[in-house]
Amino acid sequence: MSWLKKGPVFALLGGALVCWALVFFLFDPLLKRALIAGGQAAAGAKVEIASLKTKWLKGSLELRGLAVADREAPMTNLVEFSRAAFRLDMSAAVRGAGVVREAAIEGVRLGTPRKSSGALRNPPPPSKLETAVRAKISPAATKAVEVKANAAGEVDAAKLQGLAKYEEAKAKAKEIEERWKGKAAEAKAIEADAKRIADELKALGGGGSGPADVLKKAQAAAKAQQDIKALLARVEAQKKDAQKDLAEAQALLREAEELRKKDLNGLLAAAGLPTLDSQDLARRLLGAQTASRLATALKWTRWAREQAAAKKAANPPPPPRRSGVDISFPRKHAYPSLLLEGAKLTGTLDGVMGGSLDLAGLLTGVTSDPKLYGKPASLELGGKSAAGPAARLAARLDQQLDPVGVTLDFAGSGFSLAGATLGDGEIGGALKDGRAAVRGRLSSRGEEWTGEVVVDASGVVLEPKVALTGLAGTMVADALKSLTGFSVKIGISGTEDDLKLSFSSNAGDAVAAAMKKALAGQVEAQKKALEAKLAALYGDKTKDAESAVGGLAGKLLGPLDAQKAALDRQLKDALGAGAQPLRLDRLFKR
Amino acid sequence: MNPVRFLRDLVSALHGGSDPRHLAAGFALGATLGLVPKGNLLAVLLILLFFFFRVNKGMALAAAAIFTPLGYALDGVAHALGLALLKAGALKGLWTALYDLPVVPLTRFNNSVVLGNLVLGLALYYPLYLLALRLVALYQATLAPKVESLALVKAVKGAYWYRTYQEWTS
Numbered sequence: 001m002s003w004l005k006k007g008p009v010f011a012l013l014g015g016a017l018v019c020w021a022l023v024f025f026l027f028d029p030l031l032k033r034a035l036i037a038g039g040q041a042a043a044g045a046k047v048e049i050a051s052l053k054t055k056w057l058k059g060s061l062e063l064r065g066l067a068v069a070d071r072e073a074p075m076t077n078l079v080e081f082s083r084a085a086f087r088l089d090m091s092a093a094v095r096g097a098g099v100v101r102e103a104a105i106e107g108v109r110l111g112t113p114r115k116s117s118g119a120l121r122n123p124p125p126p127s128k129l130e131t132a133v134r135a136k137i138s139p140a141a142t143k144a145v146e147v148k149a150n151a152a153g154e155v156d157a158a159k160l161q162g163l164a165k166y167e168e169a170k171a172k173a174k175e176i177e178e179r180w181k182g183k184a185a186e187a188k189a190i191e192a193d194a195k196r197i198a199d200e201l202k203a204l205g206g207g208g209s210g211p212a213d214v215l216k217k218a219q220a221a222a223k224a225q226q227d228i229k230a231l232l233a234r235v236e237a238q239k240k241d242a243q244k245d246l247a248e249a250q251a252l253l254r255e256a257e258e259l260r261k262k263d264l265n266g267l268l269a270a271a272g273l274p275t276l277d278s279q280d281l282a283r284r285l286l287g288a289q290t291a292s293r294l295a296t297a298l299k300w301t302r303w304a305r306e307q308a309a310a311k312k313a314a315n316p317p318p319p320p321r322r323s324g325v326d327i328s329f330p331r332k333h334a335y336p337s338l339l340l341e342g343a344k345l346t347g348t349l350d351g352v353m354g355g356s357l358d359l360a361g362l363l364t365g366v367t368s369d370p371k372l373y374g375k376p377a378s379l380e381l382g383g384k385s386a387a388g389p390a391a392r393l394a395a396r397l398d399q400q401l402d403p404v405g406v407t408l409d410f411a412g413s414g415f416s417l418a419g420a421t422l423g424d425g426e427i428g429g430a431l432k433d434g435r436a437a438v439r440g441r442l443s444s445r446g447e448e449w450t451g452e453v454v455v456d457a458s459g460v461v462l463e464p465k466v467a468l469t470g471l472a473g474t475m476v477a478d479a480l481k482s483l484t485g486f487s488v489k490i491g492i493s494g495t496e497d498d499l500k501l502s503f504s505s506n507a508g509d510a511v512a513a514a515m516k517k518a519l520a521g522q523v524e525a526q527k528k529a530l531e532a533k534l535a536a537l538y539g540d541k542t543k544d545a546e547s548a549v550g551g552l553a554g555k556l557l558g559p560l561d562a563q564k565a566a567l568d569r570q571l572k573d574a575l576g577a578g579a580q581p582l583r584l585d586r587l588f589k590r
Numbered sequence: 001m002n003p004v005r006f007l008r009d010l011v012s013a014l015h016g017g018s019d020p021r022h023l024a025a026g027f028a029l030g031a032t033l034g035l036v037p038k039g040n041l042l043a044v045l046l047i048l049l050f051f052f053f054r055v056n057k058g059m060a061l062a063a064a065a066i067f068t069p070l071g072y073a074l075d076g077v078a079h080a081l082g083l084a085l086l087k088a089g090a091l092k093g094l095w096t097a098l099y100d101l102p103v104v105p106l107t108r109f110n111n112s113v114v115l116g117n118l119v120l121g122l123a124l125y126y127p128l129y130l131l132a133l134r135l136v137a138l139y140q141a142t143l144a145p146k147v148e149s150l151a152l153v154k155a156v157k158g159a160y161w162y163r164t165y166q167e168w169t170s
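As you go down the protein sequences, you meet chains F and W in turn. Following our numbering, the residues of the first sequence are numbered contiguously, the last one being 590. Following our numbering, the residues of the second sequence are numbered contiguously, the last one being 170.
By construction, these hints were calculated from the structure, which means they are not laboratory data. Positions of the beta carbon are idealized from the N, C-alpha and C atoms, including for glycine. Check each hint, because a few of them may be wrong.
Claimed, not checked - A few chain W residues facing chain F, derived, Cβ under 8 Å: (1) L49; (2) F52; (3) R54; (4) H79; (5) L83; (6) L86; (7) T96; (8) Y99; (9) D100; (10) N110; (11) N111; (12) S112.
Start from the sequences and build out the full structure, keeping to the hints where you can.
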């Protein structure tokens, strides 16, 4: 063995040992950190992994205690599972492909409470999609449920916009009147010209009756007609200006009237007079919860679609090296660099709508190279419990298509509503009992979204929590208490930039009816009191402005109309004078 | 991996300090490495051979430095040779089996230039070995005494730093 040097062989073995030690001690922590970082980027909230263990020779990866916090509710986990185990195909691994033949995810739980906040220090901003969903389903942030007894006493005249506008209209009318006084010279000039023309026309009546005279008269009459028409045009121009000014003043008056109504509505809202619209109330009761869940569902659907689309785009051909040509040969096993062939999901879903579901499902076809894999990824998940609830979820990611599509079909029934809350801090309550059934379909292909979600609740027992006081509070609480069922229907369509969401529910009807019944009297009384207060404040100012603007019409248009009528008469006379029949016998003497 | 030491070993070997066969083997192996494109598992394996076998590493590195640009020049020939071999019907079964083996595709043997240069290097190995052996013998017989007697060489060998370095590395 003189041709072989022992030193380098031992050095190589030593190096290999050091590499193994580094992998043994550092690979698992590094992989754990990478998974946490990737998960946090996707979820927008904290991701925790209690332990991660890999076994290289067996090709196994085991995660324990994985928890993904809910971005919207940092003190709860979106999903948590006790154990996830993956078994890699080692023959594919030595060819550089991560193929997971078997996987098991156990102890899945949703919405579990956390001991510490799951919010990230710098969470990513909400996406356009989430913002659109919240804007279209969540209720408006109004706090109007309490009717104040002294609402009318709190009116501040300085803040009334209508009052200021009436002042403006009055001032404008005065300004227009003053301006038109300056135009009196023009009116007098027109008058003088009209008088001159009238005199000329009168003069036409006398004089000779010979042909030359007749011709002269006809010419003079034609000129007078032209002059009168010019004067009429001047009067018309004046009238047009006057009408423009008048319209301006009248517009101000109308604006002031609108603002007066707005002032009244504003005062009603500020006085705490509540909305009595049933759909508004339904949104108030169910909108926030619905928007939150729908936004989460849409977000993850889009995430799956984007991941698949990104993987499809990120497979450029390898560049040629030193002008060689790579010849490919058929492989018995051609794998994508990552493929989760099948993952069995088992476990108990605790705390889902008050019950526990025994889950069983299969996740297939998750891959880094959808083109090579050529099949859709799918998730089939079913859950049932002895107590009644059952659920089914079928998700399909058409990763091999272009554009990538995601379809989500789900149905569930028998979910207990006990323990859930409805509404906000002002109108709502805690559900003590009730069962819910959910069914729906969400679909996203490229940028296009379609879908419908229907929730039916029955056997509802609600413990009302109402901030309204007095009779209204009692009646609304009674109405909520009498609520035994409701349904919510949400329709989704359009693109992310123009997302159309329809929300309809009968949940608000009973509450709206109760509020109308209870508050109609109080609202009317408050309204009347405010209207009286406003009328007193507006009082003379409204009348002054109205009379100032109304008077303008007579002052401006009156003289102009009279002038126009006089000129019209003059023109008629002139036409008569010009149209006198010609005596041909006088024109052509025999 | 001290290149100065490799150079000193090369000079020392050329001047009778080593077996000429080690020098010749180093030259032939270095030539093969120089011809093969780098950045694949094959080049790594060839480098590892330097350390496992009793070849003169200085000579191997020098040969690799000379034959690398020559490899670029011979790419056309190597490509034609590699492509012919990869497309040869009789060899298809072999290539397919190798391609489906773990790790082996990392050598990029399925690249026409890589395979062509490897075959060229292997084909030239023994002729280059024999050529190098003769050249070393010729050098040692004719040129080495003349180089030894050069004033510059004598001055370097007599220098304090050179003696210190020799003592330190020996």
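Now the hints, each set against the structure:
The interface hint given for W/L49 is violated, since its Cβ lies 10 Å from the closest Cβ of chain F, which is over the 8 Å cut-off. Because the closest C-beta pair between W/F52 and chain F is about 6 Å apart, less than 8 Å, the hint holds. A hinted interface residue such as W/R54 counts as satisfied when its beta carbon comes closer than 8 Å to some beta carbon of chain F; here the least separation is about 5 Å, so the hint holds. Satisfaction of the interface hint for W/H79 is found here, the shortest Cβ-Cβ separation to chain F being roughly 6 Å, below the 8 Å cut-off.
Nearest Cβ of chain F to the Cβ of W/L83: about 6 Å, under the 8 Å cut. The hint holds. This hint holds: W/L86 has a C-beta 4 Å from the nearest C-beta of chain F, less than the 8 Å allowed. Contact between W/T96 and chain F, as hinted, is supported at the beta carbon level, the nearest pair being about 4 Å apart and thus within 8 Å. Among the interface hints, the one on W/Y99 holds; its C-beta lies about 4 Å from the nearest C-beta in chain F, closer than the 8 Å criterion.
The interface hint given for W/D100 holds, since its Cβ lies 5 Å from the closest Cβ of chain F, which is under the 8 Å cut-off. Below 8 Å, beta-carbon pairs count as interface contacts, and W/N110 has one with chain F at about 5 Å; its hint therefore holds. For W/N111, the suggested interface contact is upheld, since its CB lies about 4 Å from the closest CB of chain F, less than 8 Å. With its C-beta approaching chain F no nearer than about 5 Å, W/S112 sits inside the 8 Å limit, and its interface hint holds.
In the structure shown, a violation is registered for the earlier hint numbered 1 alone.
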